[in-house]
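Take the given structure of chain A and dock chain B to it, following the hints.
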Amino acid sequence: MNLKEYPRPFYAINQFCQAHCGELSGQSFTFVMDGGYDYELKFTGEKTLTWSIDGAEPKEAVYECVKGDDTTYLVDFDVVETLNTDKRANDLFVIDLAQRLVTRVYCHIGYNKRLPFLVKSDYDFGAIKVEGKELPFRRHCYTSELLGTNVEWHWNYEMWTHHKYYDSDYYTLTWPDDSAAVQNLGGPFEMLPSHDDVTKVIKIKDKMYLFCLTEELMERVLQGPVFRCNNMIFLQNYDRMYHAGRTFGSITGENGDVVPCRTLFGAFGNPIRLPDEVLYADNAYTV
Amino acid sequence: MNAKNYVYDDGGVYIKTMANTAEQYGIGQYRYPHNYELVDREIVAVADGKEYSLDFKCKVNVLFNGKLVEYECIKCAPELYFVRFGFDVAVIDLKNSAVTLIVEGEYIMGTIKGAENAKAHTCAGDEMVGTKVRWVLGCGRYVNQEFVSADKINASWAPRDEKVAENPYKAVKIGGPYYLVDMKSDILKNVCAPFFTDHVIMLQDYDRCMAFGCVFGKGFDPIMITGYAKFLD
Chain A
1 MNLKEYPRPF YAINQFCQAH CGELSGQSFT FVMDGGYDYE LKFTGEKTLT WSIDGAEPKE
61 AVYECVKGDD TTYLVDFDVV ETLNTDKRAN DLFVIDLAQR LVTRVYCHIG YNKRLPFLVK
121 SDYDFGAIKV EGKELPFRRH CYTSELLGTN VEWHWNYEMW THHKYYDSDY YTLTWPDDSA
181 AVQNLGGPFE MLPSHDDVTK VIKIKDKMYL FCLTEELMER VLQGPVFRCN NMIFLQNYDR
241 MYHAGRTFGS ITGENGDVVP CRTLFGAFGN PIRLPDEVLY ADNAYTV
Chain B
1001 MNAKNYVYDD GGVYIKTMAN TAEQYGIGQY RYPHNYELVD REIVAVADGK EYSLDFKCKV
1061 NVLFNGKLVE YECIKCAPEL YFVRFGFDVA VIDLKNSAVT LIVEGEYIMG TIKGAENAKA
1121 HTCAGDEMVG TKVRWVLGCG RYVNQEFVSA DKINASWAPR DEKVAENPYK AVKIGGPYYL
1181 VDMKSDILKN VCAPFFTDHV IMLQDYDRCM AFGCVFGKGF DPIMITGYAK FLD
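If you read the protein sequences in the order shown, they are chains A and B. Each residue of the first sequence is one higher than the one before, starting from 1 at the first, in this note's numbering. Each residue of the second sequence is one higher than the one before, starting from 1001 at the first, in this note's numbering.
This is chain A alone, in the form it adopts within the complex (with noise of 0.2 Å):
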């Protein structure tokens, strides 16, 4: 049989993602955050745990985790009282055990009355609490390195996308004719005036980032047809040239109703010279 027709489903941008990562069951973590509140995570099963902030009591989640490298955990779980509303929350760590950071990336939904579908990101940074050390006072941080980086990401066996990192804010996503991309994404954003949107980015540690998107731009223009905003967590690592993340939003169902939207993914990166016309390109929505 040639495999190529293996009966496989539609794979979009996970087809390339890690198997959820159980291996930090078992153990539990005090996070000591700049933001002021201690923060408790108890992983008490493969893809269960509990939370609690600043001693209030615990409360369960069910997680996800994929790993950077071999001692970084992007871990992620949905706030379970916020599921089925529309102000729905989720909760990501990125946990740095070689260095005892810790990043926390809480995002959530219906803040914004006019678009009630975007996203809204708050960062925290600190450090994990271990009995008899001192907790280190570097932080993951805010960073500007990714600047001028273009990277061509592979998210499945006939879909390639190409980032463009040009400001600290905004990336540009594009791609080239030959990428199913062309197929599965080139409508809708055949009616934005740029292909940029709204990023941050953080530094984990050297040569792997937290990059933070936000399809804010998209859904402040579009709202709909089939994408709304979502927030994409990659944390890439360019040492080894791939990332693996996760999103947090909301899409266009097939009735056309708004339904939430969350998935892992994963992709393998490759240096990439970009055409003049992307490389130069304006971006529309700034002055």
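In short, the hints are calculated from the structure, not lab data. All C-beta atoms, glycine included, are put in the ideal place defined by N, C-alpha and C. Check each hint, because a few of them may be wrong.
Using 30 Å as the maximum straight-line C-alpha spacing, the simulated DSSO-like pairs for lysine-lysine come out as follows [claimed, not checked]: (1) B:Lys-1173 to B:Lys-1184; (2) B:Lys-1170 to A:Lys-4; (3) A:Lys-200 to A:Lys-42; (4) B:Lys-1095 to A:Lys-4; (5) B:Lys-1016 to A:Lys-200; (6) B:Lys-1152 to B:Lys-1132; (7) B:Lys-1095 to A:Lys-42; (8) B:Lys-1132 to A:Lys-4; (9) B:Lys-1057 to B:Lys-1113; (10) A:Lys-200 to A:Lys-120; (11) B:Lys-1152 to A:Lys-4; (12) A:Lys-203 to A:Lys-133; (13) A:Lys-203 to B:Lys-1059; (14) B:Lys-1095 to B:Lys-1057.
According to the in silico footprint, chain A covers these stretches of chain B (three or more CB under 8 Å from chain A) [said to hold, decoys possible]: (15) 1018-1027; (16) 1030-1039; (17) 1128-1135.
Below, chain B without anything else, positioned relative to chain A:
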């Protein structure tokens, strides 16, 4: 015009780019992070009345039938692990309670001791014939495999696509989209794989279109690999 690359490039200023080809890793560039879920677990496989024990002592060492060996593990799918221990390989399939070992070239297809409804892996026969696939293992580094019969692959390595060799292989059907492919290799020259590569063992997933495995040969340590598929037809 506010694209900052334009301003910097025009001034001849060097812009650092994080995207790189990671030459230092060779064909191991895309290797996924190690997985430590098996630490503190003992897996005992039974095949033909013999027992084979893999007792994962820590993140580095496994006790195989009483002998302490260094190992690496990559998680390929839920409940499916590719383990290289020393110069040998195990595929641990907890879903089907099956273990396939390749120890000193010998294939051992067993089941996990005491498991109910355990089903050992089987030879794939000619199931893969007709498949033409490229496994991309790093930036510009790949191996092309065309399965031409139940025991022959036409293979070539980047960048010499034209240098096709007919290599013997064995394949084990793990179940579902998963195949364990063990391909022997001729001496390779001016390609991305090491010169003395003599065999490549890959757990190939035709659903996710990814492969996980190890490259063995004389004069170099085994190289763990991860790659993604591009079909050549």
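Taking the numbered hints from earlier one at a time, note which ones the structure violates and give those numbers from smallest to largest. none
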